[in-house]
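> If you read the sequences in order, they're chains A and B.
So for the first sequence, the working numbering puts the first residue at 1; every next one is plus one.
So for the second sequence, the working numbering puts the first residue at 1001; every next one is plus one.
Calculated directly from the structure, the hints in this document are not laboratory data.
Check before you lean on any hint, since a few could be wrong.
As the list claims (entries may be wrong) - Counterexamples of contact, computed for chain B against chain A with all Cβ distances above 10 Å:
id, residue
1, E1016
2, R1042
3, R1052
4, G1069
5, L1107
6, Y1132
7, M1139
8, M1150
9, A1249
10, V1286
11, P1295
12, W1296
As the list claims (entries may be wrong) - Partial pick of chain A residues on the chain B-facing surface, computed with a CB cut under 7 Å:
id, residue
13, N43
14, D297
15, L301
16, Y487
To be verified - EDC-like cross-link-like pairs, simulated, lysine to aspartate or glutamate; straight-line CA separation at most 16 Å:
id, chain 1, residue 1, chain 2, residue 2
17, A, K143, B, E1013
18, A, K176, B, E1013
19, A, K564, A, E528
C-beta atoms are modelled at their ideal positions from N, C-alpha and C, and glycine is treated no differently.
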Amino acid sequence: MADHDVLVVGAGLAGMRAAIAAHRAGANVAMMSKVHPVRSHSNAAQGGINAAMRGAEDSIDSHVYDTVKGSDYLGDQDAIEFMCAEAPQEIINLEHMGVIFNRDEEGRLGTRAFGGASYARTFFVADITGQAILHVMYEQILKAGVRSYEEWFVTDLIVEDGECRGVVAIEMLTGKLHQVTAKAVVLASGGVGRAFEPSTNALICTGDGIALAYRAGATLLDMEMVQYHPTTLAGNGILLSEAARGEGAYLLNSKGERFMDGYAPNMRELASRDVVSRAEATEIEEGRGVDGCVFLDVRHLGAEAIRTKLKYIYEAALDYAGIDMITEPVPIRPGQHYIMGGVKTDPQTRTWDPDGAWKGPRGLFAAGEVACVSVHGGNRLGANSLLETVVFGKVAGEMASAHAKEQPDTPVSGAHLADAEARIQALFGRPDNGERTAKLRLDMGNAMNEHLAVFRNEEGMRSALGTVHGLQERYEELPVVHKGGVYNTDLIFHLELGYMLECAETICEGGLLRKESRGAHYRRDMTERDDTAWLKHTTANVGEDGRPVMGSLPVTVTKWEPQKRVY
Amino acid sequence: MQANLRVRRYDPEEAEPSARMQEYHIEVPEHFTVLDALIQVREEEDPSLALRCSCRASICGSCAMRVNGQAHLACKTRLSAVAPEGEPVTIEPMGNQRVVKDLVVDLGVFWNKIRAIEPYLQPAGPEPEEEYIASDESMQNLITPMGCIMCGACVSDCTALEVDENFLGPAALAKAYRFVADPRDGASHERLQTLNEYGGVWDCTRCYMCVEVCPVGVAPMDRIMELRDSVMNEVGVTTPGARHVESFARSVARSGWLDETMLAVDSWGRFNIPKLLSQAPLGLRVLVRGKLPLPWPFHHKRAGAEFVGRIFKRWESKKQ
């Protein structure tokens, strides 16, 4: 008998929302994560969550349009329409769960402005929105009594007869390997920001789910679409929320000019992130930066607003850069932040297509940053990521429960566990050739950040791909130096590096395949968007030789025909 | 700059596991945090070193540990702040929790205490169709306790927990405050009744350690004191702790200073003869050594006691 009806891999917002939905649907559901749920990276979403439900002029259609435009027309419009239509109810659901959203004067939910949005439709909790929602979601998990495998690291998805039937995982506190079976598996394990150096992402964002699904035969979509956030702190590269610009912050160059006037005369600082990041990179390149940075200036907002509405980033600038934002502008630069691409799913979060247009194991669902539905296309709007996690997390939990109900109780072979054990023993048995995981990861991160950042070209992407291939070869000999069982992070980082290298390879291949500039994928050697040839998604499937086989899928357009994108 | 780290190591898989200090001397940039330095050790010197960390930005709560004897978030603690001249920095796992390996502790106790306060909203009636109407002020008031990242630093250094593992502890009580003070919660009264029991709000010794070590400004003890007020107002004065507070105020209002004998009598109850008798030897010893003011009826008013009394009266009328 399967251990669970539904197993959710990842316990951030998408994962916990899926688990709650599955629990409510009556399924025996469990979550598994390599960290405790409240350590998940959803914490880091600061600014807010979008829904069109305030103001006489705002509408679902406007939210859809802004998202489609933000995506540079690469988002699938049916999925975007679904997400935006579900948004208001999900905000209410979160509020009912206990999220302490900011209120207006009448005691109703209040909003703030955000990038790329026509109206102020971002609901928020100061600048700790992600944390405030994540912790409340975990409260609901405790209330429901959902089983949670905490600090379990997944090494394999079990696929038999084309059907996903569970996972093999390392229990980190003991080092033991286990096979946990389920009739449906939901991937909600986040993105792969750590393939870049630096990145705003937590150290845990290593693309585990993306690589696991890819190895298990799923299709990756638009992997080349990597978001650089416009405001990451000089030095350690941590995120300073878009909430600052939402509240009215300026971006200044070394001459003290609000340079966004020249790039996005209407939206200025609140243009979409790809546009703002490119503008900053241009300023810096053309000599109007200081030490590789431009400045974020909030002084005119006043000490009170800075201390309350931007509390976290105020403290972060003080702690990590020694800068008091009340009296000084803070140096910032674009930094890797989010990956729009991921495991291809339909709007029902299935990773397989019943009609066979793309491939993936049945019974495997995905939601959140690990997935590509696609609602973000070429560029994600701020505060749409939290929305994606809860909307599609809920769908995934419900769909997976329904799928599990239809499955017979098929016994699962013990061979998967034995294979994984043998593989890990082989890693322990590798001779120490002096190579270190951290060094390989850094080489990968630097190459990706150099060649797949805000500006790209053929030569650079080829060079990065070459670096990744070279690292993959070295990875085959890379030793695990520490042989212990209990909390062996040397082993975990080794396995994570394998995941990241696979993701990095598909990111480079996707970038090379897409012969145009669109959204975050801006090629200096092909600066125009090409709707005739490239209004389509790139796909990657693992080939027999282990290298990606690239392809494409059409973009779903409902009523918003591509237009020139001006902010 | 040079970082000189002394790290407490413990490996449960050794033949005879025992904790030991290990030194690492590494060259690091000026801006490095304790966490940056530990990561560098793990990456370049010693991959067997176990610690938890993730966000590097004081939001995930993974990397709480003791730095020079006090709980800190390693990612929020700059080396230059704790060792400006390159002094040795002692790094140990959190206290009050079982060590699993090196700097990794078992947070099971921590989470059990959180679970014990029923940490989820319990609305009064059926949910409204739209959002609950609540003032922005009431929500803003919850941002501070909601800012808790569950890192465990306060639990690590709580002096009351050290001697009484039944105490709910600062993190769980701050979380309890978050629900008691939430206008949408319908179970505040029941929550306060539970918090009034053994292990609840009255077991805090007001030592301020949790306020000092909390890396995100939750100030758990302040929340505990607010809960004490709520307990006295909503549940009543039913515990030695609450009677202690009342007696304290009564004595100061009346005589301008503390009648410690009455404090004991009021707190334990006038007719709690066994308890009072058991305290008598202690009382006599401090009296003999001149550390106790004369008890009632010899307890005299201090000069200016009337002024103090008036302050109390004014505050009482303001409260009403």
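> Failing hints, ascending?
2, 3, 5, 6, 7, 8, 14, 15, 17
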